[in-house]
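Peer 1: Residue-level listing of the chains:
2 protein chains.
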Amino acid sequence: MTGFQLNERLEADSHAVCALELCDVRLMNDNRYCWLLLVPRRAGLSEWHELAAEDAAQLSAEISRASGALKTITGADKINVAAIGNMVRQMHVHVVARHEGDETWPGTVWNSGAAIPHEAEALQAVRKKISQELAPGV
Amino acid sequence: MTGFQLNERLEADSHAVCALELCDVRLMNDNRYCWLLLVPRRAGLSEWHELAAEDAAQLSAEISRASGALKTITGADKINVAAIGNMVRQMHVHVVARHEGDETWPGTVWNSGAAIPHEAEALQAVRKKISQELAPGV
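Those sequence lines, one after another, are chains D and S.
If you're matching positions, the first sequence starts at 45 in my numbering and goes up one per residue.
If you're matching positions, the second sequence starts at 45 in my numbering and goes up one per residue.
Some hints here could point you the wrong way.
One copy or two, it doesn't matter: identical chains are merged, so the pair holds either way.
[Claimed, not checked] Listed next, the in silico SDA-like pairs over lysine to any residue satisfying Cα-Cα at most 20 Å (straight line): (1) Lys115 to Gly129; (2) Lys115 to Ala97; (3) Lys173 to Arg76; (4) Lys172 to Ala96; (5) Lys122 to Ala87; (6) Lys122 to Asn51; (7) Lys122 to Asn155; (8) Lys115 to Glu94; (9) Lys122 to Glu177; (10) Lys122 to His138; (11) Lys122 to Val170; (12) Lys172 to Gly112; (13) Lys122 to Trp154; (14) Lys172 to Ala97; (15) Lys122 to Gly88; (16) Lys115 to Ala96; (17) Lys122 to Pro150; (18) Lys172 to Trp154; (19) Lys173 to Glu144; (20) Lys115 to Gly88; (21) Lys122 to Glu94; (22) Lys122 to Leu89; (23) Lys122 to Val132; (24) Lys172 to Ala60; (25) Lys115 to Lys173.
In case anyone wonders, no lab produced these hints; they're calculated from the structure.
The structure presented is a predicted model; accordingly, all values stated were derived computationally and were not measured.
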């Protein structure tokens with residue numbers, strides 16, 4: 045964990061929600077979607093195959109938690125999960141609640157036009173809801 | 045495992061490569077990218093959070109293997125990993141070798157125009173290479 049520092053662009057584009065055992069959970073600042081980032085707190089990590097075996101298992105468990113939480117909260121038709129990293133190499137996993145008929149459905153959310161920032165009050169409400177669903181004991 | 049049957053569209057768009065413990069590995073029929081699909085042999089599975097805990101861990105291990113194999117074979121600049129499923133709900137994980145300057149770089153490969161099918165000889169060679177790298181004992 046030593047030396048981990050969140051990438052500046054990821055930090056600018058999203059808001060902290062909570063910390064799981066391996067990953068920081070962040071909410072993308074785009075109110076068109078309920079869109080999380082899971083960022084493993086491991087310095088220098090970029091590719092899935094660079095994860096230690098136990099971290100790979102833990103990441104998958106945390107993706108499951110995030111996916112289930114978004115399904116519960118939003119009633120999404122489909123959850124999209126992706127580790128892309130062509131723009132920002134620090135490993136980050138997108139977990140996005142999708143609804144049939146949303147702005148880019150059935151296309152993907154990446155490079156899909158300008159984000160619409162959350163309004164302050166709504167942002168606090170959604171962060172709280174996700175945090176309670178993901179890490180109820182914290 | 046009972047009742048698992050590969051979705052018709054996934055079958056039509058890709059070629060079998062090998063079987064890992066959980067997933068069938070398939071090569072997308074698009075020679076613009078070295079692009080694998082991992083399809084867990086579980087009937088009715090659509091979302092990451094529907095995976096049993098041990099399957100989630102195994103899927104992550106198999107993604108790591110596929111990602112590392114593509115890196116070794118292609119020298120890719122970045123491996124993209126994604127479970128989207130907006131078009132085909134049967135769970136399938138894309139693992140794609142990306143190179144700076146490839147046709148859609150730094151964008152994603154989904155909805156990126158018409159696939160260019162592999163030629164028969166090249167197809168056999170790449171399937172064999174991936175199979176040997178992923179499942180050397182088989």
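Peer 1: Are the hints correct? Go through all of them and say.
Peer 2: Comparing the hints with the structure gives:
Only between protomers do Lys115 and Gly129 lie at most 20 Å apart by alpha-carbon distance; the minimum there is 15 Å, versus 24 Å within a single protomer. For a Cα distance limit of 20 Å, the shortest separation of Lys115 from Ala97 across copies, 18 Å, qualifies, whereas the shortest one inside one copy, 27 Å, does not. Taking identical chains as interchangeable, the C-alpha atoms of Lys173 and Arg76 lie at most 20 Å apart only when both belong to the same chain, with a minimum of 17 Å there against 42 Å between chains. In this homomeric assembly, Lys172 and Ala96 never come within 20 Å of each other (Cα to Cα): the closest approach is 31 Å inside a single copy and 27 Å across copies.
Taking the shortest Cα distances, Lys122 and Ala87 sit within 20 Å of each other only across copies (17 Å), while inside one copy they are farther apart (31 Å). Proximity of Lys122 and Asn51 under a CA criterion of 20 Å is satisfied inter-copy only: 17 Å between copies versus 28 Å inside one chain copy. In the homo-oligomer, the alpha carbons of Lys122 and Asn155 lie at most 20 Å apart both inside one protomer (19 Å) and across protomers (17 Å), since each shortest distance falls under that limit. For the homomeric pair Lys115 and Glu94, the shortest alpha-carbon distance between copies (11 Å) is at most 20 Å, but the shortest distance inside one copy (29 Å) is not.
Proximity of Lys122 to Glu177 under the C-alpha cut-off of 20 Å is restricted to the intra-copy arrangement: shortest distance 18 Å within a copy versus 33 Å between copies. For the homomeric pair Lys122 and His138, the shortest alpha-carbon distances inside one copy (13 Å) and between copies (16 Å) are both at most 20 Å. When the C-alpha separation of Lys122 and Val170 is checked against a cutoff of 20 Å, the pair qualifies only within one copy, where the shortest distance is 19 Å, while the shortest distance between copies is 32 Å. When the C-alpha separation of Lys172 and Gly112 is checked against a cutoff of 20 Å, the pair qualifies only within one copy, where the shortest distance is 16 Å, while the shortest distance between copies is 37 Å.
Taking CA atoms no more than 20 Å apart as the test, Lys122 paired with Trp154 passes in both settings, with 16 Å inside one copy and 16 Å between copies. Taking CA atoms no more than 20 Å apart as the test, Lys172 paired with Ala97 passes in neither setting, with 31 Å inside one copy and 26 Å between copies. Taking CA atoms no more than 20 Å apart as the test, Lys122 paired with Gly88 passes between copies only; the shortest distance there is 14 Å, against 31 Å inside one copy. In this assembly of identical chains, the alpha carbons of Lys115 and Ala96 lie at most 20 Å apart only when taken from different copies (17 Å versus 28 Å within one copy).
Proximity of Lys122 and Pro150 under a CA criterion of 20 Å is satisfied intra-copy only: 10 Å inside one chain copy versus 25 Å between copies. When the C-alpha separation of Lys172 and Trp154 is checked against a cutoff of 20 Å, the pair qualifies neither within a copy, at 25 Å, nor between copies, at 33 Å. In this homomeric assembly, Lys173 and Glu144 never come within 20 Å of each other (Cα to Cα): the closest approach is 23 Å inside a single copy and 39 Å across copies. Taking identical chains as interchangeable, the C-alpha atoms of Lys115 and Gly88 lie at most 20 Å apart only when they sit on different chains, with a minimum of 17 Å there against 31 Å within one chain.
Proximity of Lys122 and Glu94 under a CA criterion of 20 Å is satisfied inter-copy only: 12 Å between copies versus 28 Å inside one chain copy. In this homomeric assembly, Lys122 and Leu89 come within 20 Å of each other (Cα to Cα) only across copies, at 12 Å, whereas the closest approach inside a single copy is 28 Å. For a Cα distance limit of 20 Å, the shortest separation of Lys122 from Val132 across copies, 11 Å, qualifies, whereas the shortest one inside one copy, 25 Å, does not. For a Cα distance limit of 20 Å, the shortest separation of Lys172 from Ala60 inside one copy, 11 Å, qualifies, whereas the shortest one across copies, 45 Å, does not.
When the C-alpha separation of Lys115 and Lys173 is checked against a cutoff of 20 Å, the pair qualifies only within one copy, where the shortest distance is 13 Å, while the shortest distance between copies is 39 Å.
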